[in-house]
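Counting from 20, one number per residue, gives the positions in the sequence shown under the numbering used here.
Calculated from the structure, these hints are not laboratory results.
Nothing here was measured: the structure is a model prediction, and the numbers come from that model.
Watch out, some of these pointers could steer you wrong.
Each computed BS3-like pair below joins lysine-lysine, with the alpha-carbon atoms no more than 25 Å apart [claimed, not checked]: (1) LYS212 / LYS99; (2) LYS209 / LYS92; (3) LYS248 / LYS296; (4) LYS183 / LYS152; (5) LYS111 / LYS35; (6) LYS240 / LYS209; (7) LYS248 / LYS212; (8) LYS212 / LYS296; (9) LYS111 / LYS152; (10) LYS35 / LYS99; (11) LYS248 / LYS204.
Quick list of the computed label-pair ranges, beta carbon to beta carbon [what the hints assert, rightly or not]: (12) GLY306 / ASN251: 21 to 27 Å; (13) GLU249 / ARG179: 25 to 31 Å; (14) PRO109 / PRO237: 32 to 38 Å; (15) GLY306 / ALA200: 27 to 33 Å; (16) CYS33 / ASP241: 42 to 48 Å; (17) ARG179 / PRO39: 37 to 43 Å; (18) ARG250 / SER140: 21 to 27 Å; (19) SER253 / ASP46: 35 to 41 Å; (20) LYS248 / GLU43: 44 to 50 Å; (21) LEU281 / CYS22: 49 to 55 Å; (22) ARG245 / ALA193: 26 to 32 Å.
Note that beta-carbon positions come from the ideal geometry of N, C-alpha and C, so glycine has one too.
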Amino acid sequence: ENCLNAFESFVLRCSKEVSPHLDELCDVILRLISYDPNFYDSGENQDALMEEDMDEFDDDGLVDSDDDDNSWKVRRAALKVLAAMVRGLPDKLLEIYPAFATPLIARFQEREESVKLDVFSTFAEMAQTAVIKSQSSNSTSANGDSAGACTTGISEVPRRQPPKERPAAQHLIAVLPQCIAQLNKQLRSKAPKTRQGALSLLRTLSECVPQHVEPNLPQVKDELVRAMKERNSSMRLDALVCMRHLSENYATPQIYQELAPLLCPLFLQCCNDTYYKSIAQALRAIGSFVYPLRPGPDAPSSQLSEMLP
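Using the sequences and the hints given, assemble the complete structure.
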């Protein structure tokens, strides 16, 4: 663990000196992010094993107790080194992403909750670094809104462009369907922190690569609806922001038109929330959701008439 902490500092503060040793470092980190000598995975019914039987294993003494098993510290430290590599070596992303994208998704099944949250945050770091967010899009959109609102309809107001993708983003996008499928399992977890972490990662993906998350929206819609009904305000906010980013950057309006009868009443329900941030995000989600409901000036969908009588 201490050695990995040192590697993290080297990568962040001496990136040029570390670059020649990147291949060797990647091999080490790739092994240590899954280092768990006290746990045997048969590959069968792993989710049920982790959620239902781990307590029995500990009580029966079939694996070392939490006090004796410190391997999770090694996995967590290795993940921090990986996150540092993503941040500190932007010119090496084409080498880092192909090596770690798929193995990191496999670690979504991590049995230690605190390490699992670090897995989510590390993948989110990879998603954020894979794109270039334009600072001028906000001002352009705002100017377009103020100029267009007086003379044109909402469909003619320029939409905010999605973030520009770096070349390395292709490796992340290639495994995105697999990532969403695994996230959907984690969103069904009984552990609130796990669900919160998975939803936060989905929010980050929707912000960074919305046009690639969109085809998987029907797969996670049930969990997004569940999150909007949660008493946990953070989960409601993440679900609302996720839908706002996706609908702002829609590519296939039919997906949103089919979901409108399910989602729009929830947006209105969140507008009556007692938490002001939930109200604000719900209003923003409604404003962006209108775009796919009316993809063209002369092409309002039937759902638009139903939702906005």
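Okay, the hints, checked on the actual structure:
no. : hint                        : result
1   : LYS212 / LYS99              : holds, 19 Å
2   : LYS209 / LYS92              : holds, 24 Å
3   : LYS248 / LYS296             : holds, 15 Å
4   : LYS183 / LYS152             : holds, 6 Å
5   : LYS111 / LYS35              : holds, 11 Å
6   : LYS240 / LYS209             : holds, 18 Å
7   : LYS248 / LYS212             : holds, 17 Å
8   : LYS212 / LYS296             : holds, 21 Å
9   : LYS111 / LYS152             : holds, 19 Å
10  : LYS35 / LYS99               : holds, 19 Å
11  : LYS248 / LYS204             : holds, 19 Å
12  : GLY306 / ASN251: 21 to 27 Å : holds, 24 Å
13  : GLU249 / ARG179: 25 to 31 Å : holds, 27 Å
14  : PRO109 / PRO237: 32 to 38 Å : holds, 34 Å
15  : GLY306 / ALA200: 27 to 33 Å : holds, 30 Å
16  : CYS33 / ASP241: 42 to 48 Å  : holds, 47 Å
17  : ARG179 / PRO39: 37 to 43 Å  : holds, 41 Å
18  : ARG250 / SER140: 21 to 27 Å : holds, 24 Å
19  : SER253 / ASP46: 35 to 41 Å  : holds, 37 Å
20  : LYS248 / GLU43: 44 to 50 Å  : holds, 49 Å
21  : LEU281 / CYS22: 49 to 55 Å  : holds, 50 Å
22  : ARG245 / ALA193: 26 to 32 Å : holds, 29 Å
In this structure, every one of the numbered hints holds.
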